[in-house]
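Throw the hints in and build the complete structure from the sequences for me.
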Amino acid sequence: MSKRLANNIAISVLWVAAASTVFVLAWLLAYVVVKGLPALSWSFVTQWPTGVTASGGIFPTIVATVYVTAVGFVLVIPVAIGAAVYLAEYAASGRFVNVIRFAADSLASVPSIVFGLFGLAFFVYALGFKFSMLSGGLALSLMMLPLVMRTTEEAIRAVPQGYRLGSYGLGGSKWQTVRRVVLPAAAPRIATGIILAMGRAAGETAVVMFTAGMAINAPIFLTDPGRTMTSHLYVLAMEGISVKNAFGTALLLVGMILSFNLFARWMAGRRG
Amino acid sequence: MNGDTFKINVEHLDFHYGDFFALEDISVGIRQYATTAFIGPSGCGKSTFLRCLNRMNDLIPETKVEGKITLDGNDIYAPDVDTASLRRRVGMIFQAPNPFPMSIYDNVAYGPRIHGTTNKAQLDEIVEKSLTRAALWKEVSGKLNTSGLALSGGQQQRLCIARVIAVDPEVLLMDEPCSAIDPTSIQKIEDLMDELKSKYTIVIVTHNMQQAARVSDWTAFFLAEHADRPAKLIEYDKTDTMFTNPSDKRTEDYITGRFG
Ligand SMILES: Nc1ncnc2c1ncn2[C@@H]1O[C@H](COP(=O)(O)OP(=O)(O)OP(=O)(O)O)[C@@H](O)[C@H]1O
Ligand SMILES: [Mg+2]
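So the sequences go chain by chain: U and E. All residue numbers for the first sequence refer to numbering that gives the first Met the number 0, where the first residue is 0 and numbers rise by one. All residue numbers for the second sequence refer to numbering that gives the first Met the number 0, where the first residue is 0 and numbers rise by one.
FYI, nobody ran anything at the bench for these hints, they're computed from the structure. Only a predicted model underlies this, so the values are computations on that prediction, with no experimental measurement involved. A hint or two may mislead.
Stated by the list, open to error - In silico DSSO-like links for lysine-lysine, alpha-carbon gap of 27 Å or less:
(1) Lys-173(U) <-> Lys-237(E)
(2) Lys-243(U) <-> Lys-34(U)
(3) Lys-196(E) <-> Lys-237(E)
(4) Lys-248(E) <-> Lys-231(E)
(5) Lys-198(E) <-> Lys-237(E)
(6) Lys-128(E) <-> Lys-237(E)
(7) Lys-173(U) <-> Lys-67(E)
(8) Lys-173(U) <-> Lys-63(E)
(9) Lys-137(E) <-> Lys-198(E)
To be verified - Facing chain E, a subset of chain U residues (Cβ under 8 Å, in silico):
(10) Tyr-167
(11) Gly-168
(12) Gly-171
Backbone N, C-alpha and C fix where the C-beta goes; we use that ideal spot for every residue, glycine too.
What follows is the structure, given as structure tokens:
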């Protein structure tokens, strides 16, 4: 009897622990929705902030967020995929591969504010890119690199060996096999990893604050600065300008990132 | 043995996987426009041997090949041999059907495309011809754009055969091509082999003695007499002779054991 009781208690405790994950998410979302919804309106999305309380909208910060994330995405893809293909298909396991893996893992554990500081010192000042979408995108791409590289490598390794043998057996070269069979077969999983990384990038604050700048500006050129939604949120809340609009911004941002993740899940479900 | 031409000649082949000695002193001539079957217990190195013939073993690290294998008299392990063009001439069908995750059309067109055919009309023709030769055209002609993975196992295997035929090889290596598929498809593939023989040299590995007897002209029996000893070629003869009047006791035991 007491054995059964202990068992039931254990199950209940574990269940509560598991359920609390869902609870925390639901609570956080509900909080952001309740606090942020009053700020949301069509003009909030389409208009510029005005006046000392930054009333009006956050349009330029949405543009800057999308812009800088897109730049990071474009920059990270060739490097991350190239590195992953090399690791998964070409490199014989050895010292060099271990060094690359270790570097990627270390990069993944670097605090984002350090990427920001590095971006500020290197891209903004040393290379003279100033506060710009380019500086921000470069810094974000560094942050996304290990993530995209790892998920891409795993996606490539998950491609059945039979596909490769089939291609080699027909006289395919290594590169033909990789490009025409392996990468297309791995594409859905690679895309999933990239989308998740973009969600991370879109929600990043420290990196872009130091590199894309704080100017409220709807960027057009790569050399234009721009304040992202996250940086805007930070200013609104920390300087007590408008908590209501801070939550409105937060709600939009969370909505965007959540839809990214849902889209990634949908992509992942579509494979096979 | 008669005086037919040997398409492939294997002389004193030794094969190692790292420290593991898998095949010892195999010498065998494979006749052109005939079907040669390789039989033997599981693990005796039939697949290993087959993979030596198109150098697929090169893809496995730390393997070592000694001896000589010639295709039309030319050493296929010579330093200047391009493995891609060798494998184009010596095609391979695997035990598990492995169509690419792309359309039926693209599966068949894959080989011609990587070898430089880009003309659409030409590709269309190759695809139709190859699928017809692989006895699959009737079943798939209306759905060439659907995924090759959506076919049944037996259809997938015939698709793989069509895919190989599309690059116009001279030799077909088939490693237990029928072990994972349904009886109707097996029937179709056996009929197919009979037909393809006039144009290709076929080498098949099979665990099914009846199949070996049905489809092959020549049969070779491999055996590793102890688990830690390499396999050898025990007997090689005309299939009729092997199955009715084998000269080695071990061949007889194996064949009758498998029949009974
Ligand atoms: N990649 C490999 N690395 C190391 N040893 C291997 C490898 N592939 C096969 N072997 C070993 O070589 C021997 C021959 O294997 P092989 O697959 O050629 O046998 P087989 O006759 O085709 O068997 P089966 O009838 O079960 O397919 C076996 O002992 C096997 O364990
Ligand atoms: Mg085998």
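Can you name, in rising order, the numbers of the hints this structure does not satisfy? Failing hints, ascending: 1 and 6.
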